[in-house]
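So that you can map any letter, position 188 of the sequence shown is 188 in the working numbering, and since no number is skipped, the others follow by simple counting.
Among the hints, erroneous ones may be present.
Derived DEER-like restraints, expressed as beta-carbon distance ranges [to be verified]: (1) Glu904 / Trp285: 39 to 47 Å; (2) Glu337 / Asn76: 51 to 59 Å; (3) Gly1049 / Gly549: 33 to 41 Å; (4) Asp673 / Gln603: 38 to 46 Å; (5) Tyr733 / Ala591: 24 to 32 Å; (6) Ala591 / Trp156: 47 to 55 Å; (7) Ser150 / Gly527: 23 to 31 Å; (8) Asn76 / Ser150: 16 to 24 Å; (9) Leu447 / Ser52: 46 to 54 Å; (10) Ser998 / Gly549: 40 to 48 Å; (11) Asp377 / Glu904: 26 to 34 Å.
Since the hints were derived computationally from the structure, they do not count as laboratory data.
Think of the CB as a built atom: it goes at the ideal place given N, C-alpha and C, for glycine as much as any other residue.
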Amino acid sequence: MLTAGVKGALWLAFSSVAAALGQERIISLNGTSASLQIAGGPVSSGQILVSSNDYWGVIRAAGDLALDFGRVTGTNYTLSNGEANAEPAVYQYNPVNNMNNTHFSTTGTANFTGPAYSDPSPSNIVIIAGTIGHSTVIDDLISSEAIDVSEVEGKWESFTSQVVENPVPGCSRALVIAGSDPRGTIYGIYDISEQIGVSPWYFWADTPPKKSKNLFVTATKKVQGPPSVKYRGFFLNDEQPALTNWVASHWEDTPYGPGYGPAFYGLIFELLLRLRANYLWPTLWATMFEVDDPGNQPYADAFEIVLGTSHTEPLMRAQNEFGKFYEGPWAYNLNNETIDDYFRYGVQRAKPYARNSLWTVGMRGTGDTAIEGLGVDHIVEMLTTLVKNQRDIMAEGLEVDDITTVPQTWCLYKEVMTYLFAGLQVPDDVTLLWADDNWGNVRRLPLLSEKDRAGGAGVYYHFDYVGGPRSYKWINTVQLSKTAEQMHMAYARGADRIWIVNVGDMKALEIPINHFFDIAYDAERWGVDSTADWARAYATREFGPTHAGHIADIMMKYGMYAARRKYELIEPHVYSVINYNEADAVLQQWAELSAQAQAMYDQLPAENQPTFFQTVLQPALAGEIVNKIYIGGARNMLYAGQKRNAANRVIQEVLAYSAADANLTRTWDAMLDGKWEHFMDQTHIGFDSYWQQPMRNTLPPMVHVQTEFVSLAGEVGVGVEGSNATVQGDDKYHPNSGNTLAVPPMDPYGPATRYFDVFSRGTKDCEWTASPWQPWVKLSQYEGTVGPSGPDTRVFVSIDWSAAPPAPYSDTININVTTPCRGMDRYGFRAPIIQVPVRNRVVPESFTSGFVESDGHVAISGAHFQSVLAPAQSSDLNANVTYHKFASYGRTGSGVGLVPLNTEKLTVETAPALEYPVYLFTNHSAANVTLYISPVLNYLDEHDPVEYAVSLAPAGAPDVVKSVRPVGPTVGSGMPAGWDGAVADAVWGHSGEYTKTSFEVPAEGAYTLRVWALMPGVVVQKIVVDLGGVRPSYLGPPESFLVGRDALGERNGTSFLNDVDTIGGAAGRKCKRRSAELV
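Kindly generate the complete structure, drawing on both the sequences and the hints.
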């Protein structure tokens, strides 16, 4: 069992150097230009001075700082309140009687004891910390004008740190931290902890403190003003199985369930404060925070944590309390007197801690569901009455005359948001807490008419979720750049009062949590384009500067790969195993990433390896395994359909991947003597059409091929890129008795190669020979051997365009595939012929810049626009509006969208346009233009929906503008049509036809494609112009040839890895292609 007494045994202390993430540094290892030495040299054992009349939480944090010096220097510092023989600070409270949770009473007096004090040693004092107006020593320094606090006094959570001469008798110089309020002081204290080398994750991710003997203060004064967002916190939710199993294995059960008591929550509170956060929604499903242990609520107050409750737990009562302790339904229209009493009790219980309380108002149905059995109008009327009564109950119970002075929030989660559209009036002082869609896409943000509300607005965001289309709560699948774009859009529109994020078990989400809180604390420092810089700063703090760049690169790649489709949503059909080399490219990315992560792990000192394993290596290895399992399942089904012997070998490979997944969990569980065992208990393989977690990891369906006898179609089979079919022989994918299969067409602007596979379907080794009918059709291999125990062979086809007939030329060139292993099959089936459609064509010299059609389509990375067309109409509303590239964003590389992020919706006349010249060879009456855009929602209200416009017209001709509104209305707790597919795919545009627009292409020639993103949030990742040639895939075709950038004969173009800005792609290096020898 973990207890407060043994917690220290789990702390690790190792070497290197750290930095406060993004904040002004005042601590250095170098004494040059230093104002004060606080460790080493003449400082043998430093002392930290506080005042006995300061807040308990401040004194506790100062005690942490004394220990942090010990972790870094090897010698713990002492803590003093300036009095000899002083007893530790005490936080006293009256424990609630948790045996009677319907009639409020307490059970006497209890207390929390602060860190031990040492006797004063003025000559050893190096740091003085205290809260303005609550610290005698700080107030004396202010009165004597020794310190100037004018820049922080009276402000929210601010502090100043300054070196002061002779601050107290006997001390010649010290660093004085003065906080505007208790958390301001605490942040000032932990600012020093982080700068001397103690990561906020020293316990939760085992980051070793950075050993240093000499520490200096370099700046004479630092001023840290209020955070960008007032309340910043996370929600521990969906905590079963992982977190609950871990807690239950470390602490004794409470009378009501697993041991979620002060010993556990103290670790959470400290982490929040070290991360400069201040707000908590405690665990929900298996617990009752205030009831499980009477010390929980006062302990949060003692730490100076602002306590709240989730969207489904009004007035400081845990969701499970009503059903466990009260009679009657959770229905205000049927049981309002009982429910009002329930609320009164919650207010009574929380009253002593009201200073650190943020009250959730409103109400949902039973068990985090919508209210049922009433029409919307009745629900709105009932909720209006309910909230009025809740506010009256709070005013009476808290004994306040003005309820608007009590911080309150109403979380507009799921269907509750639609009640606002139906006329629900929220009191002006109540914070509107807008929720995302549970998948990281904000649903609604403040309108211009709402920006002056006294209560302001906030965002409830998700890194974890239980619900449709699939629950996701295993490990990190968050793309940091997406978080930055969404939260900065919220911040720009004034949603800056509360940011709270659902983090599930919290463990495994260390990186996105830290990133989220850093933006919330200082949105100006960590702007929308700062993600790569933030990742490097994080890696520097956690692992030191030597490898920080490489680690940050791994982090950024991982976020993109994992977020393009969450693990729980991957199925065998997702990535194409026959088109655009997609599945191979995905696996190559994961293989390279896991190899990079493993190599980095091996280079790191042993003391850094546990941290790296938990936050970087394990996710990379796990992600590769899961993708291998599902793509292996897809290959098995393809091979089984082609009757390949290899289908059975793939089954064995997938079984090995499953074993690797299990072994990775065992490695996790054994790490650090089992410290984090159970945090990987979450199932993650085997989701089906049901949204809920599978009860056991289960492999995808696979098919076994009977290999004891040769196929009716012979020993050797041939399959081609872009088809499930095989020849010789019959199947449903090509005409009966047919012996030809065609690879996708080849032309100078298309992929450099196509391929066909030669494989065994029999019982013996067989030679084969491939013979093109033209010498300028080149093969990577002209002959070989396949057999039941050997690999199959992939043959790449290329064209020597210098020897091919000049343009214009179009023909189909055959390749004979023969084998001497012909048995009885020779009587029923002709030998295979591979057909290669060859089209040699050129664009006119006048077309000097733009994308060129190949294979019946044009595919364009959204960020590769060739110009921006200025708005037709200019005004103050669009004077600064332009397009911005969001780097490391989306599914493969980047996106482009409008900035500033608070821009109001524009029109085609007032918006700038992205311009993409294209050259089209194919005339078509319905060329379909599909935009892949991030899964934005109608954040400016249903009456002002997401919109963009697109035009495809001959170059120089008038635009043919068509407006598109991809996002439909939200009704009740449902989501807009197509939303399930959009969030699963991480784009609008892959599933359904919500972003497809048709245009006429009357003739070959140059065309201009224009896109008007009429509002921020419409982030264009990819554009596909389909003239009849697009084949099914998840990520869409690779980017087309761009005249002016790409050179004929030098471009690969066989997969998205070859696109110019693909993260983890082939730009700047030779791209691997899948080995000619297959399984």
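Hint check results:
A hinted range of 39 to 47 Å holds for the C-beta pair glutamate 904 and tryptophan 285, which are about 40 Å apart. At about 56 Å, the beta-carbon gap between glutamate 337 and asparagine 76 stays in the expected band of 51 to 59 Å. Separated by about 34 Å at the C-beta atoms, glycine 1049 and glycine 549 satisfy the suggested range of 33 to 41 Å. For the pair aspartate 673 and glutamine 603, the supplied restraint of 38 to 46 Å is violated, since their beta-carbon distance comes to about 24 Å.
At roughly 30 Å, the beta carbons of tyrosine 733 and alanine 591 sit within the given window of 24 to 32 Å. Between alanine 591 and tryptophan 156 the Cβ separation comes to about 48 Å, which falls inside the hinted range of 47 to 55 Å. For serine 150 paired with glycine 527, a C-beta distance near 28 Å keeps the hint of 23 to 31 Å intact. Asparagine 76 and serine 150 have their C-beta atoms about 35 Å apart, which leaves the hinted 16 to 24 Å range violated.
A C-beta distance of roughly 50 Å is found between leucine 447 and serine 52, which places it inside the suggested range of 46 to 54 Å. The hinted window of 40 to 48 Å between serine 998 and glycine 549 holds, with their beta carbons roughly 46 Å apart. Range check, aspartate 377 to glutamate 904: Cβ separation about 31 Å, and the 26 to 34 Å hint holds.
Figure legend: structure checked against the earlier numbered hints; hints not met, in rising order: 4 and 8.
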